[in-house]
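If you read the sequences in order, they're chains Y and W.
First residue of the first sequence: 262, per my numbering; consecutive thereafter.
First residue of the second sequence: 60, per my numbering; consecutive thereafter.
Just so you know, these hints were derived from the structure itself, not from any lab.
Just so we're clear, the structure is a prediction, and the values are computed from it rather than from any experiment.
Any given hint could turn out to be false.
[What the hints assert, rightly or not] Here are a few chain W residues that face chain Y, going by a calculated C-beta distance under 10 Å:
no. : residue
1   : Y141
2   : P160
3   : Y257
[Claimed, not checked] Computed list of lysine-lysine pairs in DSS-like fashion (alpha-carbon distance at most 27 Å, straight line):
no. : chain 1 : residue 1 : chain 2 : residue 2
4   : W       : K126      : W       : K168
5   : W       : K264      : Y       : K408
6   : W       : K174      : W       : K356
7   : W       : K264      : W       : K243
8   : W       : K174      : Y       : K408
9   : W       : K254      : W       : K236
10  : W       : K168      : Y       : K408
11  : W       : K90       : Y       : K298
12  : Y       : K298      : W       : K126
13  : W       : K373      : Y       : K408
14  : Y       : K298      : W       : K119
15  : W       : K126      : W       : K90
16  : Y       : K408      : W       : K254
17  : Y       : K408      : W       : K243
18  : W       : K168      : Y       : K298
19  : W       : K248      : W       : K303
Glycine residues also receive a C-beta, built at the ideal position from the N, C-alpha and C atoms.
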Amino acid sequence: MSQHQTSTRRLARRVSWETILALLLLFAVVGGTFLNKDFLTAENWSNLLANFVEIALMALPLSLIVITNEIDLSVASMLGLSSSLLGLLWEYKLAMPLAIAICLAVGALCGALNGFLIVRFRLPSLAVTIGTLALFRGFAYIILGDKAIADFPPEYTGFGIGVIPQTFIPMPFVLFIVLALIFWVGLHHTTVGRSLYAVGGNQTAARFSGVNISRLKMLLFIASGVISALAGIVFTFRFSSSRADNGTGFELSAIAAVFLGGVTVQGGKGTVTGVVLSLLLIGVINNVLTLADVASEILRIVTGSLLIISILLPNLIASTRERWRLMQRQREIAKLGAASVTK
Amino acid sequence: MTKNSIMRTIAAVCSVTFLAIVGYAQDKPIKKDLKFTIIPKNINNPYMVIQSGGAMDACKELGIEGKVVGPSEAGASAQVPYINTAMTQRQNAILIAANDPNALVPYLKKAMGQKISVVTLDSDTAPEGRSIFINQASAEGIGQSLVQTLAKEIGSGGDFAILSATPNATNQNTWIKYMQEELKKPEYKDMKLVKIAYGNDEDQKSFTETQGLLQAYPDLKGIISPTSVGIAAAARYISSSPYKGKVALTGLGTPNQLRQFVKDGTIKEFELWNPADVGYLAAYAAAQLASGNIQGKEGETFAAGKLGTRTVGKDGVVLLGPPTVFNADNIDKFNF
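For reference, chain Y alone in the conformation it holds in the complex (with noise of 0.2 Å):
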């Protein structure tokens, strides 16, 4: 009975904090097209979903790595890192397939070097990708130093900036709506994507049930290399511009969707749908307050203070439960003792 009544309290607290991001998000866009006649515009729109692509990329592995009650925060390096490659192979005259394939490989080798050091030493995700944040940028600086490539070929920055034609849909955006499917097959609708929560809520119980937290761990940091490498690619042909800096500081605003999306600090609880909606809800903030003439730190504030909230208001509302639970539970340990008293 208790453990149905827990059950049904988890699953309604998980379905509104998506319904209140669809709302939110609804809000965000009535409200940005009551406050702009520009927003609702297919050119607008074509800006705005392409101009968070690399971060909702790399949100999406993050958020199984959140998930699993670890975090990746070296994403933003391993984007750097592959962006100052994929510029040198160029120059280089590497044919562009295979300089891509190099770059998504270097990705690979990246997020295995933080499995490795996570799973075969125990170490904390977080230290451990402080370091590699450090490292990687270290490695994009050595590859590139102070250049900047810029020279990449029409066809391929053409994807970078272009849409599908007759549509709004920038195509990098497309890129990102096809993993984002993937992952929430592979979250929602697979035994390993289960197994995720299970790890994330209860490490030794997880691993007593027969999970393979080592491997399963190891897949998701090189996962999320790959897709940081894929980004990297993104963010170059996008501004068709191969730095060492390119992409500093986004790992941030990517750990920030993945927190507002719902996926807890303490692993256990979040959906691929809830990311997306934050993601989205992001763009369209950012986007409202920017065609408004907004001044950029406004911006940032209102980002900070999302992210804040999204955080303290499941906890609140967690805390507050508790607190109501533990109340009734001490009026009926007095009932009794009353009971007994009179007897």
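Based on the hints, put chain W in the right spot on chain Y.
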């Protein structure tokens, strides 16, 4: 109609035509109801604030609705959303100090395709990304005069270092290149550039980099910092350290920022063009472009308000003029 009124009509028509012709010949008109977006490198950079202020002053003179928007950090891609927004808002011109010479080009090209005039100021993009670039001073001139100033102060002998902005800052790297060219001349054979340090245009980093330079090279005679953030941080460190008076400091900075250090003797001389004039000239150039009076071709001339008439040079570059040298004698005449 009486004969008198016919005469009067003819006279009126003649005088109107005459005025129109004279007006045209003197000064091609600026279109009405123009809207300009001014995008600095980043919005809380004091130098950029002055530059954008100059552009806004020119907009006011010309009756243009101008606004300053931009990112809070100077990343390669951070300005793109603001370019896109200007397109969506159908502005008539974009004035931009580019954070990256290439990353903005596809977006600026798109803007020009929508008949938006693009003027770069302070830092240029590749020429196909804009019609006109307002250059504050020739890079060669800056590089040469900074080396000359330092040589004068340290007597042409000894080790010195450069404290720059980020390793990929377009301006700083060009100036440093010309400094190195200048150093090849025989009169500087005893001057040795021992290190180029990067303060990333962050106050704290520039401060600790200065500290590091002076510790690593005890024989250092001087520092050149061709960035306003760098020189101010370096001056702050040197003025409160035992190196004060022993290590010469020069570079590019603003008078208000460096006044106290010129007065306490940490800095003898430093240089800068007036950033407000850079913005002012850019706004006039953009207004002339947006009104169809010029196209940004070499040899075209245009009126630039209080700065007089300017000529478009090779590759659409318009030069502001030589930098001003500031020292204890003249610094109080400037307030920016």
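Status of each hint after checking the structure:
With a least beta-carbon distance of about 7 Å to chain Y, the hint placing W:Y141 at the interface is held under the 10 Å criterion. Nearest Cβ of chain Y to the Cβ of W:P160: about 7 Å, under the 10 Å cut. The hint holds. A distance limit of 10 Å between C-beta atoms decides the matter here; for W:Y257 the minimum to chain Y is near 9 Å, and the interface restraint holds. For a cut-off of 27 Å, the pair hint linking W:K126 to W:K168 stands: about 21 Å separates their Cα positions.
Only pairs whose Cα atoms come within 27 Å are accepted, and W:K264 paired with Y:K408 is accepted, the gap being roughly 21 Å. For a cut-off of 27 Å, the pair hint linking W:K174 to W:K356 stands: about 17 Å separates their Cα positions. The straight-line distance between the Cα atoms of W:K264 and W:K243 is roughly 30 Å, outside the 27 Å bound, and the hint therefore fails. The hinted pair formed by W:K174 and Y:K408 fails the criterion: a straight-line CA distance of about 32 Å is larger than 27 Å.
Between W:K254 and W:K236, the direct Cα distance comes to roughly 14 Å. Compliance with the 27 Å bound is thereby established for this hinted pair. Simply put, W:K168 and Y:K408 have alpha-carbon atoms about 23 Å apart, close enough for the 27 Å limit, and the pair holds. Under the criterion of a C-alpha separation no larger than 27 Å, the hint pairing W:K90 with Y:K298 is consistent with the structure, at around 24 Å. A distance of roughly 18 Å separates the Cα atoms of Y:K298 and W:K126; the hinted pair therefore holds under the 27 Å criterion.
Distance restraint check for W:K373 and Y:K408: the Cα-Cα separation of roughly 25 Å lies within the 27 Å cut-off, and the hinted pair is therefore satisfied. For a cut-off of 27 Å, the pair hint linking Y:K298 to W:K119 stands: about 26 Å separates their Cα positions. Of the supplied pair hints, the one linking W:K126 and W:K90 holds, its CA atoms being roughly 18 Å apart against a limit of 27 Å. A hinted pair counts as satisfied when its Cα atoms are at most 27 Å apart, and Y:K408 with W:K254 qualifies at roughly 18 Å.
With a C-alpha separation of about 24 Å, the suggested pair Y:K408 and W:K243 falls inside the 27 Å cut-off, and the hint holds. As the CA atoms of W:K168 and Y:K298 are separated by approximately 24 Å, the hinted pair is consistent with the 27 Å bound. For the hint linking W:K248 to W:K303, the alpha-carbon distance of about 26 Å falls within 27 Å, and the restraint holds.
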